[in-house]
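S.K.: Sequence:
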Amino acid sequence: MAQRRTPRSVQASETLPSKLHLAYAIAVVQSKPPDLSVKDYILHLREHLRPKSKVDIRAGPERHLNSASYWVERFHQADAARAKLETKVTEYEREIERLKSELRSIQSGSTTRPAAPMKRRKDEVPLGSSAPATKRRKIEHADSYASSVETVDDTLPENMESLSAVHEEGSKLTQHLYHAHKHYKGHSRGGHQLACHLVQAANCLAPLLTSACQRHHQRVGCAKSRPSGSNDSVPEPVLAAYDNELISTFEAAARIFMSLFFGLKKLNAETSTPEDRGAVTYSFVRMFSHVLDTLTQSSSSQAAEEAALTLAVNSRRQMTTRGSQKVFGRTNQDPLATRLLSNFLSNVLSAPSAGGSEPHHHHHHELAEGFLFVLFRRLGDRIFLCTFGHRKRASVADDIDAWADPDAEPPAPPDDEGGGGGGPPPATATATEDGGNREKQIEQRALAIELPLLVALLERGLAMARHHIAPLSSSSSSSSSAAAPSSSSRKQKQHGATTRAATATATTAFSVPKSSGTSGSSGSRPSPEALKAGLSLLARKKLERTLAHAIFFSGGGGDDDGDDDDEGAGEDEMSECLTMPVKQALMEVVAVGGSSARKQKTKKMSWERGDGEEEKDVKAWFVERVWGLVGWEAVLEMR
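Here the sequence shown stands for residues 103 to 741, numbered as in the working numbering.
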């Protein structure tokens with residue numbers, strides 16, 4: 103039977119594209135990005151096809167192209183590409199400046215000197231020699247870098263190249279800090295652009311430290327969990343290199359913050375708007391709050407790491423009896439990450455009063471008040487946890503429901519008279535109980551690490567508060583206005599206005615304010631009377647009310663992030679307390695054509711004996727110490 107043939111016109115209509123096909127092909131070719139092929143671009147468009155909300159009666163496609171999601175994704179891709187290009191431009195500009203400085207040194211007569219031998223990189227080892235053991239670096243005192251840093255605005259801080267390997271925000275931080283230094287040197291004009299770069303750099307600093315601490319805990323935890331005599335054990339030089347990397351990161355972060363703090367001084371000295379200064383102040387306080395969150399996370403990670411290490415040691419020693427097992431052993435080693443975080447926060451607290459109590463430092467009042475506000479909110483949250491045994495809930499009713507009497511006996515399990523047994527078997531119940539006890543002990547250990555550091559920060563904050571929170575020189579003139587604050591002053595604070603004298607001196611390194619309240623080399627802790635000796639009566643009342651308000655009146659549970667302004671503080675009897683700086687909105691920048699952490703020796707606190715047992719509960723010590731430092735007269739007045 104002969105095969106039936108189709109006419110040529112029918113074959114042509116089946117193979118030739120229609121006008122719609124041609125229009126679609128032309129549109130795809132003309133609109134596709136240059137780095138994508140036509141096939142990849144069509145596949146990319148298919149990802150944005152969405153079903154129609156209404157079914158059309160007429161025959162037609164059941165899906166449509168969601169142009170909104172498509173252009174949003176294109177915007178994010180273009181923004182990421184722009185950020186990469188800006189990072190490369192910054193690297194090239196820094197390299198050009200470095201080459202120019204080398205050229206100037208050669209032209210000034212440095213060629214007459216004998217050429218210095220080429221230094222080998224630290225990771226390069228000569229042939230035939232063994233790798234040298236890496237020594238752990240000492241955490242030097244903060245004042246040791248004061249002599250090496252002549253002018254903060256001459257050069258960028260060191261160790262900037264290593265920040266990009268720690269976190270993706272490191273390159274962004276380097277970029278904004280470089281542009282800020284260009285403003286310091288006078289290459290660029292405009293306080294608004296400087297404020298934008300300072301805000302962006304401050305926002306990148308806290309995630310950088312958080313990532314560095316998490317990376318260090320992960321490395322050290324995995325290394326210590328391996329047996330020391332096995333083939334998988336990590337050698338001691340590698341552990342020392344991990345510690346040195348973390349110390350270098352905090353050294354760079356300390357220098358970066360002082361560079362940003364110099365930028366805030368420059369904003370106050372120049373003709374800048376209150377919105378610019380308010381935005382920078384808010385970003386600094388928000389960075390301080392996020393580093394406090396990192397301190398809490400690092401304490402929990404350290405406690406979990408110690409528990410896992412003790413559990414691994416017990417399992418290797420075959421300590422299987424419940425009476426002999428311990429979640430924590432004798433931990434006399436001071437955690438490195440939490441110590442570095444505490445030193446960094448202490449130095450940040452000292453920055454507003456680094457030059458003393460001269461009048462030209464009073465324009466940092468909002469910054470100091472914001473730091474103390476965040477610190478007192480954290481102290482109030484921890485006092486609530488230590489007193490009531492649970493974190494603060496969203497409402498008082500939730501707090502009452504969550505409270506459990508510690509003296510009450512636990513409820514007895516239901517009797518299984520029928521033998522059918524609806525409860526878990528004894529082995530499962532024992533495992534659940536052991537897991538709950540282990541979690542509680544880890545939480546107790548995390549608090550034991552964090553609470554002494556918070557008390558040290560409170561002592562540093564009280565030493566700083568005497569210069570900024572109702573100082574004695576102005577207490578007599580401000581006492582009357584403190585009892586009934588005027589509406590104009592509140593409006594001025596809400597708009598972030600800063601009408602204080604400008605400063606021309608630059609703080610180049612972290613310095614500890616010299617006062618009777620700071621702990622000296624003897625290691626003895628300052629008494630509450632010595633710390634509060636320099637505070638005016640108005641300042642004491644303000645701090646007491648702030649702590650009481652943080653414990654009893656602030657809504658919401660958990661750790662604060664510094665984003666809320668505690669708006670309800672001005673409507674009750676506790677209105678005269680510290681406040682959070684008002685968040686200011688800055689537009690995006692238009693593109694235009696130190697010290698190391700201070701070493702703190704490990705000292706046994708008043709609640710520890712020589713054998714490591716707890717003589718006094720750390721929670722009770724913390725609550726007693728904080729109330730002793732701040733005072734509770736405001737709580738008595740509430741009654």
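These are computed hints drawn from the structure, not numbers from a lab.
Quick reminder that beta carbons are idealized off the backbone N, C-alpha and C, glycines included.
Honestly, I wouldn't trust all of these hints.
Okay, derived cross-link-like pairs now, DSS-like style, lysine-lysine, Cα gap no bigger than 25 Å in a straight line [to be verified]:
id: 1; residue 1: Lys326; residue 2: Lys134
id: 2; residue 1: Lys284; residue 2: Lys202
id: 3; residue 1: Lys190; residue 2: Lys284
id: 4; residue 1: Lys121; residue 2: Lys190
id: 5; residue 1: Lys134; residue 2: Lys121
id: 6; residue 1: Lys287; residue 2: Lys542
id: 7; residue 1: Lys134; residue 2: Lys186
id: 8; residue 1: Lys284; residue 2: Lys186
id: 9; residue 1: Lys141; residue 2: Lys121
id: 10; residue 1: Lys287; residue 2: Lys202
id: 11; residue 1: Lys190; residue 2: Lys202
Ranges between beta-carbon positions, derived for each pair [to be verified]:
id: 12; residue 1: Ser335; residue 2: Gly211; range: 53 to 59 Å
id: 13; residue 1: Val174; residue 2: Ile128; range: 23 to 29 Å
id: 14; residue 1: Ala185; residue 2: Gln209; range: 34 to 40 Å
id: 15; residue 1: Asp142; residue 2: Ala410; range: 44 to 50 Å
id: 16; residue 1: Tyr143; residue 2: Lys190; range: 22 to 28 Å
id: 17; residue 1: Ala127; residue 2: Ala185; range: 32 to 38 Å
id: 18; residue 1: Leu122; residue 2: Tyr143; range: 55 to 61 Å
id: 19; residue 1: Thr189; residue 2: Leu167; range: 47 to 53 Å
S.K.: Determine for every hint whether it applies to the structure shown.
M.R.: Checked hints:
Among the hinted pairs, Lys326 with Lys134 is inconsistent with the structure: their alpha-carbon atoms are about 52 Å apart, more than 25 Å. The hinted pair formed by Lys284 and Lys202 meets the criterion: a straight-line CA distance of about 15 Å does not exceed 25 Å. Note on Lys190 and Lys284: the hinted pairing holds, with a Cα-Cα distance of about 17 Å set against a maximum of 25 Å. Restraint check for Lys121 and Lys190: the C-alpha separation of about 45 Å exceeds 25 Å, so the hint is violated.
In summary, the hint linking Lys134 to Lys121 is supported, as the alpha carbons are separated by about 20 Å, within the 25 Å threshold. With a CA separation close to 54 Å, the supplied pair Lys287 and Lys542 exceeds the 25 Å bound. For the hint pairing Lys134 with Lys186, the CA-to-CA distance comes to about 21 Å; that is within 25 Å, so the pair holds. Restraint check for Lys284 and Lys186: the C-alpha separation of about 20 Å stays at or below 25 Å, so the hint holds.
Pair hint Lys141 plus Lys121 holds up; C-alpha atoms about 20 Å apart against a cutoff of 25 Å. A hinted pair counts as satisfied when its Cα atoms are at most 25 Å apart, and Lys287 with Lys202 qualifies at roughly 16 Å. For the hint linking Lys190 to Lys202, the alpha-carbon distance of about 18 Å falls within 25 Å, and the restraint holds. A C-beta distance of roughly 54 Å is found between Ser335 and Gly211, which places it inside the suggested range of 53 to 59 Å.
The beta-carbon spacing between Val174 and Ile128, approximately 25 Å, falls within the hinted interval of 23 to 29 Å. In this structure the hint that Ala185 and Gln209 lie 34 to 40 Å apart at CB holds, the actual value being about 36 Å. A hinted range of 44 to 50 Å holds for the C-beta pair Asp142 and Ala410, which are about 46 Å apart. The supplied range of 22 to 28 Å is met by Tyr143 and Lys190, whose beta-carbon atoms lie about 26 Å from each other.
Ala127 and Ala185 have their C-beta atoms about 33 Å apart, which keeps the hinted 32 to 38 Å range intact. Hint check: Leu122 to Tyr143, Cβ distance near 18 Å, so the stated range 55 to 61 Å is violated. A C-beta distance of roughly 33 Å is found between Thr189 and Leu167, which places it outside the suggested range of 47 to 53 Å.
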